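Those sequence lines, one after another, are chains A and B.
Counting with our numbering, you get residues 1459 to 1647 for the letters of the first sequence.
Counting with our numbering, you get residues 72 to 270 for the letters of the second sequence.
Don't take every hint at face value.
Computed Cβ-Cβ distance ranges for the label pairs, DEER-style [what the hints assert, rightly or not]:
no., chain 1, residue 1, chain 2, residue 2, range
1, B, Asp131, A, Tyr1480, 24 to 30 Å
2, A, Asn1540, B, Asn80, 31 to 37 Å
3, A, Gly1557, B, Asn80, 25 to 31 Å
4, B, Asp131, A, Arg1474, 46 to 52 Å
5, B, Asp131, A, Ser1636, 39 to 45 Å
These are computed hints drawn from the structure, not numbers from a lab.
Remember, predicted model here, so these are calculated numbers, not experimental data.
All residues carry an ideal CB built from backbone N, CA and C; glycine is no exception.
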Amino acid sequence: MHGVFNIDEFRHAIERMVPSTYLGVTYYEKWLDGITRLLTEKGVVTADELERRQAFFRDHPDAPARDAVAGTPPAPPPVDPNWLSFIRESKAPPRFAEGDAVVTRRRHPHGHTRLPRYARGKRGVIARFHGVQVFPDSHAHGFGEHPQPLYSVRFDAVELWGESAEPNATVHIDLWESYLEPAQGATRG
Amino acid sequence: VGKNHPRVNPYVVSRVRALESLLLEKGLLAPDAVDRFVQQYERDTGPMLGARAVARAWTDARYKRLLLDDARTALGEFGLDYAMLVVVENTPAVHNLVVCTLCSCYPWPVLGVPPTWYKMPPYRSRAVSEPRRLLSELGLEVAEERAIRVWDSSAEMRYMVLPQRPAGTDGFDENALLPLITRDALIGVAEPAAATSAR
Chain A
1459 MHGVFNIDEF
1469 RHAIERMVPS
1479 TYLGVTYYEK
1489 WLDGITRLLT
1499 EKGVVTADEL
1509 ERRQAFFRDH
1519 PDAPARDAVA
1529 GTPPAPPPVD
1539 PNWLSFIRES
1549 KAPPRFAEGD
1559 AVVTRRRHPH
1569 GHTRLPRYAR
1579 GKRGVIARFH
1589 GVQVFPDSHA
1599 HGFGEHPQPL
1609 YSVRFDAVEL
1619 WGESAEPNAT
1629 VHIDLWESYL
1639 EPAQGATRG
Chain B
72 VGKNHPRVNP
82 YVVSRVRALE
92 SLLLEKGLLA
102 PDAVDRFVQQ
112 YERDTGPMLG
122 ARAVARAWTD
132 ARYKRLLLDD
142 ARTALGEFGL
152 DYAMLVVVEN
162 TPAVHNLVVC
172 TLCSCYPWPV
182 LGVPPTWYKM
192 PPYRSRAVSE
202 PRRLLSELGL
212 EVAEERAIRV
222 WDSSAEMRYM
232 VLPQRPAGTD
242 GFDENALLPL
252 ITRDALIGVA
262 EPAAATSAR
């Protein structure tokens, strides 16, 4: 929501749902939970006023939202046309090039990350450079954008799934530079 | 919401409407914002933009190259400015499949509203761990000689599959090809419809 929370905070809010609830509800119920969590945490909406407003709509299930609006609302802030733009300018050259062998770091942060658990400590190859982009691990926690190079990294299914891997399959994962280290003894190939 | 989807949980309906009215009241939401959003993705976008780009790529080699190398410029021909899309090409040797294991990210501007199964945990986990078996269960047999490339949309980049043009469509123009290009084919869980189905 513009000016209230960013998209990474939103994703992190959804990840903070009780896991058993997360698995049992629909996708948009997760959105509802995440939005409500952020709006109440940030004091935009209090739990009490939400409860009272919800009681109104429980009693008036066909009433449109505006029916409960008191007075004349202030005009909403203009929508930033770049709100879904995550690419940032950078003069620093990327550390890795297409074809470089890399290994993902093995770490298990408590907060938000885009390094999936199934791809930690795995060897892959840089397949594509996506430019320098906002770093969600920082942005989700209100610590700023701290943009860094983003790469598409190709992993062989056997590296990810071992004996259970299906033959002749790869998984491409978009990973930020700080998730990656050069693979030991690797040559570009 | 409630009228169109009578099975929606009444708690969810009243909760959503309460939030909407509070955000309207606080000046955080424009009065027509929700309707505009729903209309844009359900009616105006649909899977149409992605399908139109594919139909053009099938009939115009220059456009196909552009779509694969620079999707933003290619989609600009349809009036869309979408900087984050990468289009990946199916070939006789490679089949591509798109998923988001982390939070079910989806290229809304080209494919419209995501299907429910795309957002469910079974698809999100199995698409990366056993894609060939998953596709088989969905009715798409991919021979072992054909590589499967799975794209996990773990950042803000979004992926769309450029399927192979179906046999028997020689002489079809863009408009004749369009009905063959399904949403599922653009995600990679199906092939485009057979040429006969368009007639």
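Now the hints, each set against the structure:
At roughly 44 Å, the beta carbons of aspartate 131 of chain B and tyrosine 1480 of chain A sit outside the given window of 24 to 30 Å. Taken as a hint, the range 31 to 37 Å holds for the pair asparagine 1540 of chain A and asparagine 80 of chain B, whose Cβ atoms sit roughly 36 Å apart. Distance hint check: the CB atoms of glycine 1557 of chain A and asparagine 80 of chain B are about 51 Å apart, inconsistent with the given range 25 to 31 Å. Between aspartate 131 of chain B and arginine 1474 of chain A the CB atoms are about 47 Å apart, so this pair conforms to the stated range of 46 to 52 Å.
At roughly 41 Å, the beta carbons of aspartate 131 of chain B and serine 1636 of chain A sit within the given window of 39 to 45 Å.
Hints 1 and 3 from the list above are not met by this structure, while the remaining hints are.
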